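Colleague: In case you want the letters, here they are:
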Amino acid sequence: MNRLTEFMLPPAKSTTAGEVDALFHFINVTSIILLAGITFTIIYFAWKYRRRSEDDVTPVITHNSKLEITWSVIPLILVMIVFGWGLSGYMNLTTAPDDAYEVRVVAKSWLWEFHYQNGHVSVNELHVPVDRPVKLVMSSDDVIHSFFVPDYRIKRDVLPNRYTSVWFEAIETGESIIHCTEYCGRAHSDMNATVFVHTQEDFETWLESADAIDEDMPPAERGEALVTRSGCMACHSTDGSRMVGPTFQGLWMAERTMEDGEVVTADENYIRESILEPNARINEGYDPVMPSYQGTLSDRQIDDIIEYIKTLD
Amino acid sequence: MSTPEASTTKKVQVRRYKPEENPKEHYLNAEKGVWAWMTTIDHKKIGLLYLGSITFFFFVGGMLALLLRTELLTPAQSFIDADVYNQVFTLHGAIMIFFFLVPSVPAALGNFILPLQLGAKDVAFPRLNLASFYIYTIGTIFTLIAIFTGGIDTGWTFYTPYSTQTGTNVLLMTFGIFILGFSSILTGVNFIVTIHKLRAPGLTWNKLPLNVWALYATSIIQVLATPVLAITLLLLVMERALGIGVFDPSIGGDPVLFQHFFWFYSHPAVYIMIVPGFGVISEVISTFSRKVIFGYWAIALSSLAIAFIGFLVWGHHMFVAGQSSLASMVFSFLTFLVGIPTGIKIFNWLATMYKGSIDMKAPMLYAMVFLFLFTIGGFTGIMLGSLAVDIHLHDTYYVVAHFHYVMMGGMVMALLAGLHYWWPKMFGKMYSEFFARISCVIIFIGFNLAFLPQFVMGSQGMPRRYFNYIDQYQAFHQLSTIGAYIMAVGFVIMAGYMIHSLLRGKPASANPWGSRAMEWQTSSPAPHHNFEHIPVIINGPYDYHKPMSEFQLGIAHSTNGHQSFEKVDVNVKSAEEKA
Amino acid sequence: MSETSAETKHPAHLHHHFVDSDQQFESSKMGMWIFLVTEILFFGGLFAAYIVYRAWYPELYLEASQELDAFWGAINTFVLIGSSLTVAMAIRSAQLNQIRGLIINLWITIGLACTFMVIKYFEYAEKLEKGIAPGIYYTYDGLEHEKANIFFSIYYMMTGLHGLHVIIGIGLMLWLVWKAKRGAYHSEYYTPVEITGLYWHLVDVIWIFLFPLLYLID
Chain A
278 MNRLTEFMLP
288 PAKSTTAGEV
298 DALFHFINVT
308 SIILLAGITF
318 TIIYFAWKYR
328 RRSEDDVTPV
338 ITHNSKLEIT
348 WSVIPLILVM
358 IVFGWGLSGY
368 MNLTTAPDDA
378 YEVRVVAKSW
388 LWEFHYQNGH
398 VSVNELHVPV
408 DRPVKLVMSS
418 DDVIHSFFVP
428 DYRIKRDVLP
438 NRYTSVWFEA
448 IETGESIIHC
458 TEYCGRAHSD
468 MNATVFVHTQ
478 EDFETWLESA
488 DAIDEDMPPA
498 ERGEALVTRS
508 GCMACHSTDG
518 SRMVGPTFQG
528 LWMAERTMED
538 GEVVTADENY
548 IRESILEPNA
558 RINEGYDPVM
568 PSYQGTLSDR
578 QIDDIIEYIK
588 TLD
Chain B
8 MSTPEASTTK
18 KVQVRRYKPE
28 ENPKEHYLNA
38 EKGVWAWMTT
48 IDHKKIGLLY
58 LGSITFFFFV
68 GGMLALLLRT
78 ELLTPAQSFI
88 DADVYNQVFT
98 LHGAIMIFFF
108 LVPSVPAALG
118 NFILPLQLGA
128 KDVAFPRLNL
138 ASFYIYTIGT
148 IFTLIAIFTG
158 GIDTGWTFYT
168 PYSTQTGTNV
178 LLMTFGIFIL
188 GFSSILTGVN
198 FIVTIHKLRA
208 PGLTWNKLPL
218 NVWALYATSI
228 IQVLATPVLA
238 ITLLLLVMER
248 ALGIGVFDPS
258 IGGDPVLFQH
268 FFWFYSHPAV
278 YIMIVPGFGV
288 ISEVISTFSR
298 KVIFGYWAIA
308 LSSLAIAFIG
318 FLVWGHHMFV
328 AGQSSLASMV
338 FSFLTFLVGI
348 PTGIKIFNWL
358 ATMYKGSIDM
368 KAPMLYAMVF
378 LFLFTIGGFT
388 GIMLGSLAVD
398 IHLHDTYYVV
408 AHFHYVMMGG
418 MVMALLAGLH
428 YWWPKMFGKM
438 YSEFFARISC
448 VIIFIGFNLA
458 FLPQFVMGSQ
468 GMPRRYFNYI
478 DQYQAFHQLS
488 TIGAYIMAVG
498 FVIMAGYMIH
508 SLLRGKPASA
518 NPWGSRAMEW
528 QTSSPAPHHN
538 FEHIPVIING
548 PYDYHKPMSE
558 FQLGIAHSTN
568 GHQSFEKVDV
578 NVKSAEEKA
Chain C
8 MSETSAETKH
18 PAHLHHHFVD
28 SDQQFESSKM
38 GMWIFLVTEI
48 LFFGGLFAAY
58 IVYRAWYPEL
68 YLEASQELDA
78 FWGAINTFVL
88 IGSSLTVAMA
98 IRSAQLNQIR
108 GLIINLWITI
118 GLACTFMVIK
128 YFEYAEKLEK
138 GIAPGIYYTY
148 DGLEHEKANI
158 FFSIYYMMTG
168 LHGLHVIIGI
178 GLMLWLVWKA
188 KRGAYHSEYY
198 TPVEITGLYW
208 HLVDVIWIFL
218 FPLLYLID
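Protein chains in written order, with our numbering: chain A, 278 to 590; chain B, 8 to 586; chain C, 8 to 225.
A few of these clues could be false.
Coverage of chain C stretches by chain B, computed from C-beta distances (three or more under 8 Å per stretch; other residues unrestricted) [to be verified]:
hint	stretch
1	34-45
2	52-62
3	131-143
Derived from the structure by calculation, the hints contain no laboratory data.
Predicted model, so just to flag it, every value in this text is computed and none were measured.
For glycine and all other residues, C-beta sits at the position ideal for the given N, C-alpha and C.
Isolated chain A, as found in the complex (with noise of 0.2 Å):
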């Protein structure tokens, strides 16, 4: 049984899963039951009563109260206990404790964006701590996206014109994938991020050394590791690879078409212009798609990202 449990669902690593697996086994266990019996009696019916000879004679049986009420009811009541266990677990889930810690959320096409209370931005990467409850606040720049843990069993639309939210307590340190479940275009299966749950301690020192800029590392490197943090990956390759935007392999310096037919040279104002107005300018033959990066990447960032642009010939 527990095999079974580990193969059908993801491991459980919030608070609520539990109650959520509980019901998907109870219904599931029933049915098997049910299914059993019906298919038992669909292939023992057509044996035993198999046509013998073209004269055989039928009783007329028309129908039978006490039977008919019989399986009338007891599916009833079997989908009143699903339906009043789905609702308690379904109003856990919509409640969030008064003392969550609240993210900002903001989904675009095709990244999501955490916005923390000290005012740092990650891309991509939901950092939050163990044992504690954990309240999202999620809107969308574009078009509807939906923000799914399967580890926590949680998913809620992500909408252009309003706020909703979700919650979750995270019961163990690790990492659990986030994908986007509405549709929303060309890049929407890449539109993944990842849940790294710390302990407290460890969350509060990633929080406040976040911003902090790794004056060890060369700039390129630094902005290899904020090209591939940022989503940048999603939609630009540096293999020189055509994906939904220009490959980084080659750009810098390198002559350009736009749409227009302006021809430009990407030099370091070109490249900062499509970094935070990237709608401004679009290369010939690729679509106005990307989001801006307007207050998710620093201007310190962006001389870093640059930095490893230049390196990619």
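Following the hints, complete the assembly by docking chains B and C onto the known chain A.
Modeller: For chains B and C alone, kept in the frame of chain A given last:
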């Protein structure tokens, strides 16, 4: 509703009309030439025109599905890019739902069989019926143009604001489906009126075949739900053309309102796609068990109950979309209520088989496959209707698998059961029973291999509509792809023996299954005007305890000059009916 | 069942698959009623959008409806009610076999319908002049509310779709006149007149709902 037989108790002189075997003249050769086919107002031919169209679209949709499954063999890109993939899954969904499933049993089989089952010469409005077919054709042309001028990548649900912002040809596609909706509405209107007004003498409501009850319930949904889809798509078209701002948040609209509008149609539409299947299954199980159907009224009324409750459950598609908890609670509750009549039907069919004389011919085999697969579809529906669990499973492969179990495992299997069942009546030919069983088994194996793994990966958290996926799901995806190919093999075999049957099939007798239902009491293929006499009904369509002779009664035509030839076995009886 | 055997003559208007004229007439009428139900649901979608936005922005509806001219709206209401009366009289004439009366009444109905459309045209023209156009073409700045364009989008959708139905109705009635002049209708057979009349009443009824909901919000 003053139907002819509802007036007073009357004695009429009837005689027995045995159906003519292997008639020289029948509806297929009554008129000749392509033009006669294109302008025919014969419901049987229109049914066949639909059958041809849906076969074509099933083939197209199926090829698209194989394309998707092949791409999903590897976690990253293998041979098509994300844009193409998104277009392909959108088209697979839109074509299968709007061009194949919605018209499948109602418009194709329904058109053919409904007047025959009512003992009528045609549907109430034959010209309107032909018009419906052409409206359907025009809709498909619009859609095809849309596919070749930019395609569409929104998913078949057209969710705003993505659908108002994407660069693909949403405008033409939605307009095509808007047009298609009118075809569905007009067919629904036609069927309702036909069932009310054109029943043969003696065919009272409690003697209607269950297939007719199912088509009646379906028509009601078509008539009530489709206009809402029409207006929703019209608003979407306007949103793209004029930016009216009702659904697009960037100009002040509300995207969730679109979801409400869309699902108000599209959930009942799911019942448009499955309820007619229930009708076919009832017919097949009773015929091949040669036994009175168990719980006639329970089956008939549960179709209507499903149709009505089906209108009140659309919100269960939005449990995670930000509707209020109260709304979610109500929708979840009502969703479970739909499960009850569905369960009742399954138990009634089982009870019909009890102590029957069961002949596992191909249609019955498909009906049994239907029972098994649809039951799984139903149970997983309970899973998804449960609020807490749905949060986890929503928009994952679990939903994809559930939907395919209901639609493909349910409706398509019912369609195949019906197709094999009525095939002799349509073409007057038999097909190879051996190959029919083989292909049924292959399709059954392929289907389960394709979709059972999707339940598991969905539970594990694999989201739907994903072009790339994480490595842990690869084994499931590969199994699923293999299953899809096996299924394709099954359909190829089916195409083979069906074509063989058309060209060289053995001639079918008028009533190869020994059924008591009225459509079998006329020759195969059916005569041009369905019956050479006016059928008179004194027994229910499932009264297997009464002799066959009581099911072949009729009175001679006095109008229209159609002679009733070959009066074998003159057996004058007086029949007495009450309203 | 007595009808089935008694029938000997077969009138020209009777289709082959009906037993008699009554059955055909009843069927057509029922078909039209069901079609009208779909029409109501079709408009129902727009009414739902109207209600949702009105619930969210009641003050918008108060403000924006001031821009609509209730006087001409009221005139149009009377025009349509009048046309409903004349179409009913047309049916009556057909029942009494007065083909001249039928044609005259149809012409009056067509005239009233055209009057409705002309008034509608002037209403639209006046609004478009001011920049009150649907959707993104909305440029009017006489209204404070930021969602004013949505009210007018709904206004244009509802009245536009209704106008389209009026035009279809005019077309149907011109066809009826053409057929009537050829003697297609008489007291035994006037089904198309009857069901077009049903359709026309629905068009009228929808306007009776639209008028207060759009023009008369206080």
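Colleague: Are at least 3 residues of the stretch 52-62 of chain C within less than 8 Å of chain B when you compare beta carbons?
Modeller: holds (count 6)
Colleague: Establish whether the coverage given for the stretch 34-45 of chain C by chain B is satisfied; the threshold is a Cβ-Cβ distance below 8 Å, and no fewer than three residues must meet it.
Modeller: Since 8 is at least three, the answer is holds.
Colleague: Check whether three or more residues of the stretch 131-143 of chain C sit with their beta carbon closer than 8 Å to a beta carbon of chain B.
Modeller: Since 3 is at least three, the answer is holds.
Every hint from the earlier list agrees with this structure, and none is contradicted.
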